[in-house]
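This is what each chain is made of:
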Amino acid sequence: MSEVVVETKGLVRRVESGATMATIVNGIDLTVYKGEFLAITGPSGSGKSSLLYLIGLLDAPTEGEILICGQATSSMSNSERADMRLTKLGFVFQFHFLLPEFTALENVMLPMQTLGTLSMAEMHERGAKLLTSLGLGDQLNRMPSQLSGGQRQRVAIARALANDPAVIVADEPTGNLDTVSTDQVFAILRDVANSGRTVIVVTHDVSLAARADRRVNVVDGKISGIFVQEHGKAPAEQPSETAKA
Amino acid sequence: MRVPPVLFIAWAHVTNRLRQTFIGVIGVATGVGFTIMISGVMEGSQRQFVGTLIDAMPHITITDERLSVSLQPAEQVYGAAQRSNFTATEKRPGISNSNLVLGSLRNWLPGAITPSVKVTAMVYSGNARFGVTVTGIDPRQEETVSKLAKQIVAGELYGLSRGSNAVLLGQALATKIGARVGSTLTITPGTGAPVSASVAGIYKSGVREVDERRIYSLMRTAQMLAGQPDLVNEMRIQLNDAFVAPEVASRVQSQIGYRAIPWQEANADLLSSFKVQEKITSVIMAAMMLASTFAIYSIISTITNEKRNDIAIMKSLGMKEYFVQTIFIIEAAMIAVVGIPVGWLLGYLLCVGMTHIKYSNPITEGTLAIAIYYSPVHYIVVALITLACCLLSAFLPARKASRVHPVDIIRGAA
Numbered sequence: 001m002s003e004v005v006v007e008t009k010g011l012v013r014r015v016e017s018g019a020t021m022a023t024i025v026n027g028i029d030l031t032v033y034k035g036e037f038l039a040i041t042g043p044s045g046s047g048k049s050s051l052l053y054l055i056g057l058l059d060a061p062t063e064g065e066i067l068i069c070g071q072a073t074s075s076m077s078n079s080e081r082a083d084m085r086l087t088k089l090g091f092v093f094q095f096h097f098l099l100p101e102f103t104a105l106e107n108v109m110l111p112m113q114t115l116g117t118l119s120m121a122e123m124h125e126r127g128a129k130l131l132t133s134l135g136l137g138d139q140l141n142r143m144p145s146q147l148s149g150g151q152r153q154r155v156a157i158a159r160a161l162a163n164d165p166a167v168i169v170a171d172e173p174t175g176n177l178d179t180v181s182t183d184q185v186f187a188i189l190r191d192v193a194n195s196g197r198t199v200i201v202v203t204h205d206v207s208l209a210a211r212a213d214r215r216v217n218v219v220d221g222k223i224s225g226i227f228v229q230e231h232g233k234a235p236a237e238q239p240s241e242t243a244k245a
Numbered sequence: 001m002r003v004p005p006v007l008f009i010a011w012a013h014v015t016n017r018l019r020q021t022f023i024g025v026i027g028v029a030t031g032v033g034f035t036i037m038i039s040g041v042m043e044g045s046q047r048q049f050v051g052t053l054i055d056a057m058p059h060i061t062i063t064d065e066r067l068s069v070s071l072q073p074a075e076q077v078y079g080a081a082q083r084s085n086f087t088a089t090e091k092r093p094g095i096s097n098s099n100l101v102l103g104s105l106r107n108w109l110p111g112a113i114t115p116s117v118k119v120t121a122m123v124y125s126g127n128a129r130f131g132v133t134v135t136g137i138d139p140r141q142e143e144t145v146s147k148l149a150k151q152i153v154a155g156e157l158y159g160l161s162r163g164s165n166a167v168l169l170g171q172a173l174a175t176k177i178g179a180r181v182g183s184t185l186t187i188t189p190g191t192g193a194p195v196s197a198s199v200a201g202i203y204k205s206g207v208r209e210v211d212e213r214r215i216y217s218l219m220r221t222a223q224m225l226a227g228q229p230d231l232v233n234e235m236r237i238q239l240n241d242a243f244v245a246p247e248v249a250s251r252v253q254s255q256i257g258y259r260a261i262p263w264q265e266a267n268a269d270l271l272s273s274f275k276v277q278e279k280i281t282s283v284i285m286a287a288m289m290l291a292s293t294f295a296i297y298s299i300i301s302t303i304t305n306e307k308r309n310d311i312a313i314m315k316s317l318g319m320k321e322y323f324v325q326t327i328f329i330i331e332a333a334m335i336a337v338v339g340i341p342v343g344w345l346l347g348y349l350l351c352v353g354m355t356h357i358k359y360s361n362p363i364t365e366g367t368l369a370i371a372i373y374y375s376p377v378h379y380i381v382v383a384l385i386t387l388a389c390c391l392l393s394a395f396l397p398a399r400k401a402s403r404v405h406p407v408d409i410i411r412g413a414a
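Listed in order, the protein sequences are those of chains A and B. Mapping of the first sequence onto the numbering used here: position 235 corresponds to residue 235, and the numbering continues sequentially without gaps. Mapping of the second sequence onto the numbering used here: position 34 corresponds to residue 34, and the numbering continues sequentially without gaps.
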């Protein structure tokens, strides 16, 4: 796990808060490796989601640099950042955000259609394969409204994987799910990481974060601790950043 | 076949919101339909009226009014001369050397020309008395310059040559004085002796002013009324193309030195009212287009507001701003593409319906059906303008939608 996929250097994000500027991400240096399952935890308002949106190129830092697969992104135009999101990043949010007019399969095909490198038949085949691998092989032509919360979130994960991105970025992906679905989704994300993709998950649930390879705790926009997990055991707290070997 | 995702998404939006789409289509169709109907009615009525005018009067009338006063013999000899103690002449000057003038013009005129004599007079029939203009004509040549022969509703044009001092009356005048074919009436010129005339025929030009005030006679009868046996004070020209009359009149004037009045100039007041009418029509049509535009604007704005979550996720998936913008512009185009043919059909049906409406025209006589001018140009122009308006009206909400910041939406939805 030596190949660096995501790297942040001195990442700062300030936002207007009334007449003053609030610093919501304050000088974060973080390195995430290929195939790593990283959990970002922290209390509400600590800046963990903001950090994730910066890493996902949905937001731009006020200062600092983000490298995705070795490419510096701070000087990229909106269009280049969109290209990067399309090809290198996959998103899963707390709310599934499936397009309600399309079937599960069509939702998964959407990023592929936007990329435009596959034929319709190839997109159809790949979409069906992804959904089947997530246990939704019999739900391909169902509309989002006909699916359960867990199924919708699995469709969202399939959509995130559609263009075979290097990094999956997930913001509280189990926040709206019951225990069974939560376990399923985390198991899927674990499998995704095991398959060689990097998974970065924001969660406030420490027990779920324990299933990740590493946990980064954020408080007041700063990393307060990085914990390398020993799976099946309680996380061993470490006083400073320790990259997993 | 790979369907472009913008079409895929736009199609899904418009087909999943059938009620909104239907309202948009109706808005566009109404704008297109009524604009086509108004265009057809306005142009139809103008063409009908101009056609009636062209049929009822010469395309160019040459009068005996000189463009400049001719040099007098004394002026030619001395360069200047003082004139005094002139008495006003009672006689019309007429067009000098009318046969030469006619010959020279016939060489090049794109149409026909005939001489005539115009005299103002009073018509007496019983106790009735009306001021008229007697136009002396040659019936053989008249057919080449006017539709008088076809406008005869009683008697015939050549009846002028058969009777003694025979005249043709307009139907409106004949009705007023109670004259019929064979009736006798008295015509009294401004100066000279009254002449007893017999009615050889009655015509109906369709223009009330003409039918009430113009009497046709042989040239010699009119010359007798004028007291000038060789008088020719008017030449009337019928062109192959009535709309080149101003250019031809200008050339005639410069060639013969007499005033030549094209029909457009003779009816300048009426034609200028058409210009005002056209401007009002344009304003009405613009208002209708604006209504369609607002319908589309409102619908696209509603869709973009409802679809903010979808826009956010599409952008987070890597869709670019122009891509998102294009989706909503295509939606407007789809609504327009369905609405325009429906509007064409509506416009056509409205036009057909309008032809059943009759109205009384104060200028022409009688009751007329509303004239409609059916032109593919109306349909094409209205469609193109509507399409452009729809795309333009979608542009602003689409651009606003494309600038949605995904993080704002995603945070708000969480």
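Calculated from the structure, these hints are not laboratory results. Any given hint could turn out to be false.
Said to hold, decoys possible - Below are the DSSO-like pairs computed for lysine-lysine, each with C-alpha atoms no more than 30 Å apart in a straight line: (1) Lys-400/B with Lys-358/B; (2) Lys-204/B with Lys-176/B; (3) Lys-9/A with Lys-150/B; (4) Lys-279/B with Lys-88/A; (5) Lys-150/B with Lys-88/A; (6) Lys-400/B with Lys-320/B; (7) Lys-150/B with Lys-176/B; (8) Lys-358/B with Lys-279/B; (9) Lys-400/B with Lys-129/A; (10) Lys-34/A with Lys-9/A; (11) Lys-222/A with Lys-9/A; (12) Lys-222/A with Lys-34/A; (13) Lys-150/B with Lys-34/A.
Hint by hint, here is what the structure shows:
| no. | hint | result |
| --- | --- | --- |
| 1 | Lys-400/B with Lys-358/B | 50 Å, violated |
| 2 | Lys-204/B with Lys-176/B | 14 Å, holds |
| 3 | Lys-9/A with Lys-150/B | 97 Å, violated |
| 4 | Lys-279/B with Lys-88/A | 59 Å, violated |
| 5 | Lys-150/B with Lys-88/A | 85 Å, violated |
| 6 | Lys-400/B with Lys-320/B | 13 Å, holds |
| 7 | Lys-150/B with Lys-176/B | 22 Å, holds |
| 8 | Lys-358/B with Lys-279/B | 24 Å, holds |
| 9 | Lys-400/B with Lys-129/A | 37 Å, violated |
| 10 | Lys-34/A with Lys-9/A | 18 Å, holds |
| 11 | Lys-222/A with Lys-9/A | 13 Å, holds |
| 12 | Lys-222/A with Lys-34/A | 23 Å, holds |
| 13 | Lys-150/B with Lys-34/A | 97 Å, violated |
When each numbered hint is compared with the structure, violations occur for hints 1, 3, 4, 5, 9 and 13.
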